[in-house]
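So the chains spell out like this:
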Amino acid sequence: MPLTSRVRGGALLGVAPFLAFTTIFLAVPTLVVVVGAFVDTGGRPTLANVAGLRQGYILDALLSTLELSLTTAVIGAVVGALLAYAVVTAAPDGMLRRSVSAVCGVLAQFGGVTLAFAFLATVGSQGFVTLYLFDHTGLAVPGDLLYGLRGLGLVYVYFQIPLMVIVFLPALDGVRVQWREATESLGGSTWQYWRHVAGPLLMPASLGSTLLLFANAFAAYATAAALVSQGSPILPLVVRATFTSEVVLGQANLGKAIALAMVVVVAVVMTGYAWLQRRTSRWVG
Amino acid sequence: MTPQRQGVAVRLEGLSRHYGAVRALDGLDLELAPGEMVALLGPSGCGKTTALRLLAGLEDADAGRDVVDGRDLTDVPVSKRDMGMVFQAYSLFPHMTARQNVAFGLRLRGRSSAEQRSRAGEMLELVGLSSQADRYAHQMSGGQQQRVALARALAIEPQVLLLDEPLSALDAKVRVQLRDEIRRIQLDVGATTLLVTHDQEEALAVADRVGVMRGGRLEQIAAPGEIYTSPATAFVAEFVGLTNRMDGVAADGVAQVMRARIPLLPGSVASGPVSVLVRPESVEVHTQRDGEAEVVAASFLGSLGRVRVRTADGAVLLAQVPTGGAGVLQVGDRVSLALRPVPALAVSRD
Ligand SMILES: Nc1ncnc2c1ncn2[C@@H]1O[C@H](COP(=O)(O)OP(=O)(O)OP(=O)(O)O)[C@@H](O)[C@H]1O
Ligand SMILES: [Mg+2]
Numbered sequence: 527m528p529l530t531s532r533v534r535g536g537a538l539l540g541v542a543p544f545l546a547f548t549t550i551f552l553a554v555p556t557l558v559v560v561v562g563a564f565v566d567t568g569g570r571p572t573l574a575n576v577a578g579l580r581q582g583y584i585l586d587a588l589l590s591t592l593e594l595s596l597t598t599a600v601i602g603a604v605v606g607a608l609l610a611y612a613v614v615t616a617a618p619d620g621m622l623r624r625s626v627s628a629v630c631g632v633l634a635q636f637g638g639v640t641l642a643f644a645f646l647a648t649v650g651s652q653g654f655v656t657l658y659l660f661d662h663t664g665l666a667v668p669g670d671l672l673y674g675l676r677g678l679g680l681v682y683v684y685f686q687i688p689l690m691v692i693v694f695l696p697a698l699d700g701v702r703v704q705w706r707e708a709t710e711s712l713g714g715s716t717w718q719y720w721r722h723v724a725g726p727l728l729m730p731a732s733l734g735s736t737l738l739l740f741a742n743a744f745a746a747y748a749t750a751a752a753l754v755s756q757g758s759p760i761l762p763l764v765v766r767a768t769f770t771s772e773v774v775l776g777q778a779n780l781g782k783a784i785a786l787a788m789v790v791v792v793a794v795v796m797t798g799y800a801w802l803q804r805r806t807s808r809w810v811g
Numbered sequence: 002m003t004p005q006r007q008g009v010a011v012r013l014e015g016l017s018r019h020y021g022a023v024r025a026l027d028g029l030d031l032e033l034a035p036g037e038m039v040a041l042l043g044p045s046g047c048g049k050t051t052a053l054r055l056l057a058g059l060e061d062a063d064a065g066r067d068v069v070d071g072r073d074l075t076d077v078p079v080s081k082r083d084m085g086m087v088f089q090a091y092s093l094f095p096h097m098t099a100r101q102n103v104a105f106g107l108r109l110r111g112r113s114s115a116e117q118r119s120r121a122g123e124m125l126e127l128v129g130l131s132s133q134a135d136r137y138a139h140q141m142s143g144g145q146q147q148r149v150a151l152a153r154a155l156a157i158e159p160q161v162l163l164l165d166e167p168l169s170a171l172d173a174k175v176r177v178q179l180r181d182e183i184r185r186i187q188l189d190v191g192a193t194t195l196l197v198t199h200d201q202e203e204a205l206a207v208a209d210r211v212g213v214m215r216g217g218r219l220e221q222i223a224a225p226g227e228i229y230t231s232p233a234t235a236f237v238a239e240f241v242g243l244t245n246r247m248d249g250v251a252a253d254g255v256a257q258v259m260r261a262r263i264p265l266l267p268g269s270v271a272s273g274p275v276s277v278l279v280r281p282e283s284v285e286v287h288t289q290r291d292g293e294a295e296v297v298a299a300s301f302l303g304s305l306g307r308v309r310v311r312t313a314d315g316a317v318l319l320a321q322v323p324t325g326g327a328g329v330l331q332v333g334d335r336v337s338l339a340l341r342p343v344p345a346l347a348v349s350r351d
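Protein chains in written order, with the working numbering: chain F, 527 to 811; chain G, 2 to 351.
Since the hints were made in silico from the structure, they are not lab data. None of these values were measured; they are calculated from a predicted model. Be careful, since some hints might not be right.
[Stated by the list, open to error] Far from chain F, some chain G residues (derived; all Cβ distances over 10 Å):
| id | residue |
| --- | --- |
| 1 | S17 |
| 2 | A57 |
| 3 | M84 |
| 4 | L188 |
| 5 | R215 |
| 6 | V332 |
[Said to hold, decoys possible] Beyond 12 Å from chain F on every Cβ pair, some chain G residues (computed):
| id | residue |
| --- | --- |
| 7 | G58 |
| 8 | D70 |
| 9 | G71 |
| 10 | S92 |
| 11 | K174 |
| 12 | E202 |
| 13 | A252 |
| 14 | T288 |
| 15 | E293 |
[To be verified] According to the in silico footprint, chain G covers these stretches of chain F (three or more CB under 8 Å from chain G):
| id | region |
| --- | --- |
| 16 | 699-707 |
| 17 | 731-739 |
| 18 | 763-770 |
A virtual CB, placed ideally from N, CA and C, is assigned to each residue, including glycine.
Use the sequences and the hints to build the structure in full.
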């Protein structure tokens, strides 16, 4: 079939840049991590790196990372969902809706050094809000507010909320007014509508979005790297330490084992996300 | 079959509603007798949906009242009005099967699951969908979804049934079939019913009475035949069915048009030069070699045909002719015209 094969060839050509991109930036690094996790510095196969994951400081960092990710995901999801709901009910497709989407689109990607700097400049020990509050009210913002896990949580929530707004708006758009009106005409109260109709319909999207936020925080590196210079409270920073430490040499492959563990966690979470997304689209599509 | 129960009387009194500068409803008065089906018909934006939503309680009136079975419902919330609603499309709950959708109203009322199940089964049988009970909306055709929506609305044994363009999202064949079925079911359960539609054929085919709306008011309400044969205004005459505007002169309840004397309907302009609104079937066309008119277009629609003829003074008239008659008319044929003395409405010339 010359025609079909030509069409197929053309289609392949179209996705070639995408394939090249994912190969270079996703497949190759993953391969490096997977292979590196199971070899020693000399390149010989070993399980020592994976066994090394059981060390106390790594497990502590894992727990902290899970806690940080879960907390900021839940806070981000709840606040973001309420915000998205307010936007949809206030102005279905007006200016407000478009502005909020645009702003959230920017803020959700706003991370790393820029975000860290923005927070330091406002509530850091010399930040203008810190100084203003102290001068005018005598209230002192804790000097180490931003440097611990709490500080990271605060900063992460800043991009988690807009991300939730962006991923949750389409789900809310899928809820039709007729469903509310039909419920009411059948004798249902507002509570019954949420309990039996809107709640169950939005549940998969809410859970799915929360998982996405969780993965987003779990894998975030740049913001934490810019804020935390002392110690490695979370896994991405532990990985960094294994590559840069001058105290303990030859830990790079342990770092790869940690990275592999993180890939596994994110993969599991994202599988859950994809499954929930499919459930929603089955109803809506 | 005798109705399971009698419907209730419904009265809309002076209902008004505006949106910004738009007067969606402008003092609408409408009465429905118990068990009656009234169709609201009118051009887009004339306020049909607004009227239905006010009666449902989904919108608040600026002025006026809804009285159902003698009870003023104006301030009663939707959920306490006991009205079944069928929307244009996409109103089934997508996470519930057909049966669960139909049972939902009873579930909200806390009825036992046995009762929910048997009643939902009965309703699905009524709309001919027993075999689809376990399907989800996305597994059913548009027509099936609307049947389920109807079953769901009827399951709560509503006093009043409200249908807002329930067929307009369906294709022509399903539309005709389902409209007849809706009428059968409505007669069967005896619910007082308000049907909103912009499809005149649908309104004329199923309703006991048809209300023609214009600019937020009722222009005329009457039985389908009467709306067609005795339109009260030029708007009704021209909105429902086809008409010709022919020049004539009125006097003593009769208009002289061409060589014919046409009796005038009540509400006509009584004297002087008028435009008479003549239906195509009142225009007779005969082939005649030296006829005063010429056929300019002809289309045949099965048992009937329509032709456009140009008269000597340049006016173009639409006429309805039986097909299969002796001579089949063709473009270019010379014809003579005659008007049947069917009562018509006369209005002042523009
Ligand atoms: N929620 C609303 N906000 C603003 N204007 C509205 C709203 N609802 C209706 N209108 C306006 O009120 C008028 C009547 O609307 P309505 O929906 O009752 O018309 P309709 O007869 O049902 O028309 P259609 O055949 O197009 O459905 C229209 O001009 C419409 O634009
Ligand atoms: Mg409408």
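task: Output the numbers, in ascending order, of every earlier hint that fails for this structure.
output: 2, 3, 7, 10, 17 and 18
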